[in-house]
Structure formats: structure tokens, C-alpha cells
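A.B. asks: For reference, the chains in residue letters:
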Amino acid sequence: MSLQAPADKPQGWTFTYKTRRAVVQLAVLLVGSAVFLTPLGWMVLTSLKPTEQIFLFPPEFIPKPVEWDNYAEAWSQGEFWTYTQNSTLVAALNIAGNIFGSSLPAFAFARLRFNGRRVLFLIMLSTMMVPIWVTIVPTFLLFKFFGWNGTLLPLIVPGFFAVPFYTFLLRQYFLGISHELEDAARMDGANSLTIYFRIVMPLARPALATVAIFAFVYHWNDLITPLIYLTDEKLFTVALGLSRFRNSYRMEMSHMMAAATFALVPVLIIYFFTQRLFIQGIVLSGSKG
Amino acid sequence: MVHGYDALDDKTLNTRTGKGGLGIARRENLEAYLFLLPWIIGFLVLTIGPILASLGLSFTDWQVGLGMNFIGLENFRLMVVEDDLFKKSLGVTFNYSLMALPAGIVVALAMALLLNQKVFGIGVFRTIYYLPAVTSGVAVAMLWAWIFNSEFGLLNWALDLINVKGPAWLLEPRWALPAFAVMSLWGAGGLMIIYLASLQAIPQTLYEAAQIDGANVARQFLHVTLPMLTPTILFNLVVGIIAVFQTFTNAYIMTAGGPNFATYFYVLHLYNNAFGYARMGYASALAWVLFVIVLVMTLAVLRTSQYWVFYSGEKE
Chain G
1 MSLQAPADKP QGWTFTYKTR RAVVQLAVLL VGSAVFLTPL GWMVLTSLKP TEQIFLFPPE
61 FIPKPVEWDN YAEAWSQGEF WTYTQNSTLV AALNIAGNIF GSSLPAFAFA RLRFNGRRVL
121 FLIMLSTMMV PIWVTIVPTF LLFKFFGWNG TLLPLIVPGF FAVPFYTFLL RQYFLGISHE
181 LEDAARMDGA NSLTIYFRIV MPLARPALAT VAIFAFVYHW NDLITPLIYL TDEKLFTVAL
241 GLSRFRNSYR MEMSHMMAAA TFALVPVLII YFFTQRLFIQ GIVLSGSKG
Chain S
1001 MVHGYDALDD KTLNTRTGKG GLGIARRENL EAYLFLLPWI IGFLVLTIGP ILASLGLSFT
1061 DWQVGLGMNF IGLENFRLMV VEDDLFKKSL GVTFNYSLMA LPAGIVVALA MALLLNQKVF
1121 GIGVFRTIYY LPAVTSGVAV AMLWAWIFNS EFGLLNWALD LINVKGPAWL LEPRWALPAF
1181 AVMSLWGAGG LMIIYLASLQ AIPQTLYEAA QIDGANVARQ FLHVTLPMLT PTILFNLVVG
1241 IIAVFQTFTN AYIMTAGGPN FATYFYVLHL YNNAFGYARM GYASALAWVL FVIVLVMTLA
1301 VLRTSQYWVF YSGEKE
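From first to last, the protein sequence lines stand for chains G and S.
First residue of the first sequence: 1, per the numbering used here; consecutive thereafter.
First residue of the second sequence: 1001, per the numbering used here; consecutive thereafter.
To be clear, the hints were calculated from the coordinates, so they are not data collected in a lab.
Virtual Cβ for every residue (Gly too), placed ideally from N, Cα, C.
Just so you know, not all the hints are guaranteed correct.
Example chain S residues on the side facing chain G (calculated, C-beta under 8 Å, incomplete) [to be verified]:
id : residue
1  : 1033
2  : 1053
3  : 1119
4  : 1143
5  : 1164
6  : 1193
Turn these sequences into a full structure, and let the hints steer you where they fit.
C.D. replies: Structure below.
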């Protein structure tokens, strides 16, 4: 075991080494950032170009003139206002449904004692792994039996039953909430429902926000469920409406990119304002139970 | 510590049941099951019910509009013996996972190491690197189809800058699947964040001990960082396998499975059978095969984990 202090090194050398290292790191980070941002930048630039500027090689990056009309034209080619309303409705109801449907069981798993807790929890965890494709055919037939196919109900109702991933995530958070308040409330005769509403849920606001954001992004982007259940264009979500854009070959590339930009903007805005919650959610889901 | 999850097993519970009437424990039991109701109903009606119904349907030849007959294992025989597209789609999915999973794990790890440095503005860089991971779906697939455009696409322009003539990507059977893998790397930020969280959880004392023993940066990586990250790599591998077997939107939007079925992923075949040809019996059989494959692969990976995954807690 050698105990050489770093001070043995010449001071000047350490300085230049550190500086050089920082410069290299910064350069690599900047190149990486360019790689990750370029596709989105390319999308926005394409969406603003006049048609004759799009099919050029090498490409001209700066639109000249800037064609804001592309957005208006893309908007008018589909019923985008309708799609947006539908997507917003589906996302909002799923956020509400996911929050309640998942936090109630999460509360039981984290804070209540009952027979079979361990077994039920393991069952719930293992269902997290089941691909939706495994259940899709019978679920489709079930909703058809209910007469729901062709309506927005198949996109909304399942959200009110626990989503295993969110249940797990919330349970992890609930475990960390102090028991002192709860014990005091129990002394005063509060039942579990009161504790859930008055103590645990208010204290779990950051975790609930994380679930809300994940639910929004998932349902805003989801193509599979709308594709399978919806037939009437009046009920299309943004993702489904956009997918029909892709299939019509007369569509101009600038209009397609304008529509794509429009579809991505809500998600990007939410991400910029709530990054911490995204990251916290991922860290929470990775923590041990 | 009565409240800790592990501190209490079911045995202690029963002893707490009161003598007469509704004991405290029994009341809590009832309450708990009421809280669990949203999950129990969802589990029965939307998960286990459909899984079992799929199994039942997989033994029938049911096609919507036509009759339903019990045909035993005929669907599975069809798959193996006659349905070339089943084999093709399985091959495509496996090939893709062999390309995308290792590449994703390595790239994401490299990104995490880079972003774990203490550099000015690191928070901004993390935001940027993670950004593509939150975007997904139709819009992103449309964007990448344009980027892969053989004549006017951004990627071939970039390759042209270094004097490489890019292929026609999505139009060439050889290059379509690699194109999907390239695209998946753009979203590697999702995995990166998980690595980053694990990296930051590694106790600093381990590095200090290694330094005292004279380990250089490379050795610290090999003997401290990498072993401490193996549980995360395992987690990412399992999640990755499950995700790859569900690849749908990108293939549906960008190539519709082409060219010449080069990107015909397994669930496209399932989708076509169920919702294109309304062959619900056969599609259910395909769904069950998917279920078994995912299950077996997950268990296989978990099985191998004892040889390469290091759990820091187990030696205590």
C-alpha cells in the first residue's frame, strides 16, 4: 500500500492536465449534444422550408423564405383541432384515472397489513412484464362485446384500473413517508381513507406529478390503442391522425414535418419544465423494495 | 420497525386478529382489499382473464364472421410448418435485438460515464442527452423516415461529408434493420439515466480504497464501476428484451414491414392476423408464443445473472 499524496506531483502539471481534460470533456459533450439535437432541428427547419428548397443535395439548412404557412396548410389537411381535443381528453382522463387507480393499491401495499400482501405484490410486479400484445385480442373482443369499439371508451376506461408500473413507483414513494403523522392521526381515530387523502396523498405530490407526466406522454404518443379501436376520424387522436398523414403520398414533406413538430411540442414543453420529475420517477422505479 | 414491509410476515398478522367481532387486523384486512380493488379488478378483467382467454382461443380456428372450431394444436403446427412469415418475423425481431440491445447498453453506459463528470453546465448536457428519450411515436418515426431518405436525407448528407456514399437505408433489405438500430441509439438517453443513477449510488469510499491500492482510472472502471453496475445492466437487458419484442410503431410508420419483409417485426405479424385478417384464433396463438418467448428469455437472462451480476450486499 503506497500512500503518495497527490501534492507530490508538480503543481503546474496538475493544472494543465486538469484544464486539458476539462476542454476535451467539454468538446465531446458538445459534439454529443449536436448529434442528439440535430434530428429535431432538422425537423423544425424542414417544416419551415418552401417546397423547392426541400429536395436539394447538399441540403440548404436555413429556410428562405421562412414559410409559416406550412403549419396552417398542414393543420387544414387533417382535422387537427379535433385530434388535439381528443388527445387532450384521453390524456387528461388517463392522468386522473392512473393517479387514483394506482395510488389506492399502492397505499395498501405500502402502508396497510393484510393477508397475502407479499404474494399479491409479487403477482403485481410480474404483470409489469406482460407485453400488451399478449392480452390485446381478448381485450378487443371484450370491448367489442360491451359495444365500446369505435368509441373513446377503450382508450379511457382501462386507465382507471391500476397500472402496475405506477403502482410500484408510488408504493416506493409511500414507503418513504414518515409514520409519525399517520400514528398521531390513528390515535385520534382516523381511518385509512382519511390517512390516504389527508396525509399520504398530499405528501406524495411529487410522485403523483411524475405519474401524471408519464401518463400524459404515454397516452399522447400512443398509436396502438387508437389504431385498433377507432374508425371515425372525428374521434382520432393526434398520433392516429398523424399516421394517416404518413400514408397519403401526396403530402408534402414540409407539411409532414410541420405536423410532426406540432405533435411533439406539448411533450417537449412538459419535459423542459418538469425534467426533475422525469428523472426522479426513473430513479424511484429502480430503487429496491 | 413494525411498519417495515419485511418486518412483518403473514404469520404475525393472524395472531393479531381480535377475539370477537371485527378485530383490528381483520378490519385492516378488509380496508386493504378495498384499496386494492382497482388493481384486483384490472388484474382479473384486463390481465389474467385475457391471458387465459388467449390461451383458449389459440386452440380454435376462429375468424371473425366465420365459425369457431376447436382445432387443438393446429395453429401451432401451422406456425412452424407453413407460416413462413412467422419465421421471418421471429428472425427479424431476434436479429434486431442482437443489434440494438448490445449497442444500446454500451452507448448508454458511455453517455452515463460522460455525464457523470463534474463539468460546467453538466445539467444542461444531461437535459439534452435525455431529450430524445421522451419523444417517441408517430412524429419521431416520420422524422427518421425523412432523415434516412436516400437522396435528400440528413444522414446521407453527413456520411457524404466524410466521403462515404450512404445506402438507401429503408429501401434496402440489408440496411433497413440497421437503420432501426441507429434510430434506437438516438433514444439511448432513457437507459443512460438509469446508469447515471446507479453510478451516483456507488460509494465514493470504494474509489478511494482503489486509489490507495494504486489502481488507475481504467482499473477503477473494470474493478469498481463495472461490477457495481452489473445489476443495472441486468435490469436494462431484461427491460430491453421485452421492449424489442413489442416494436411496432416505428416499423408500422416507417416501412410497414418492408422492404421485402426486412423489418417485419413479430408484432406486425400479430397485428395483421388479428386486425387485418380478423384471424383471432391464430393471432391468439401468436400472442401466446410471444408471451412464452418473453418469459423464457427473461428467465434465461436472470438465470445467467449469478455468473456475472455482482450484488454488493450479499457478502455481508
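A.B. asks: Does each hint hold? Answer for all of them.
C.D. replies: Against the structure, the hints:
1. Nearest Cβ of chain G to the Cβ of residue 1033 of chain S: about 7 Å, under the 8 Å cut. The hint holds.
2. Look at residue 1053 of chain S: its Cβ gets to within about 4 Å of chain G, closer than 8 Å, so that hint holds up.
3. This hint holds: residue 1119 of chain S has a C-beta 5 Å from the nearest C-beta of chain G, less than the 8 Å allowed.
4. At its closest, the beta carbon of residue 1143 of chain S sits 5 Å from a beta carbon of chain G; the interface hint therefore holds under the 8 Å criterion.
5. A hinted interface residue such as residue 1164 of chain S counts as satisfied when its beta carbon comes closer than 8 Å to some beta carbon of chain G; here the least separation is about 14 Å, so the hint is violated.
6. Taking 8 Å as the C-beta cut-off, the interface hint given for residue 1193 of chain S holds, the closest approach to chain G being about 5 Å.
Against the hints set out earlier in the document, a violation occurs for number 5 only.
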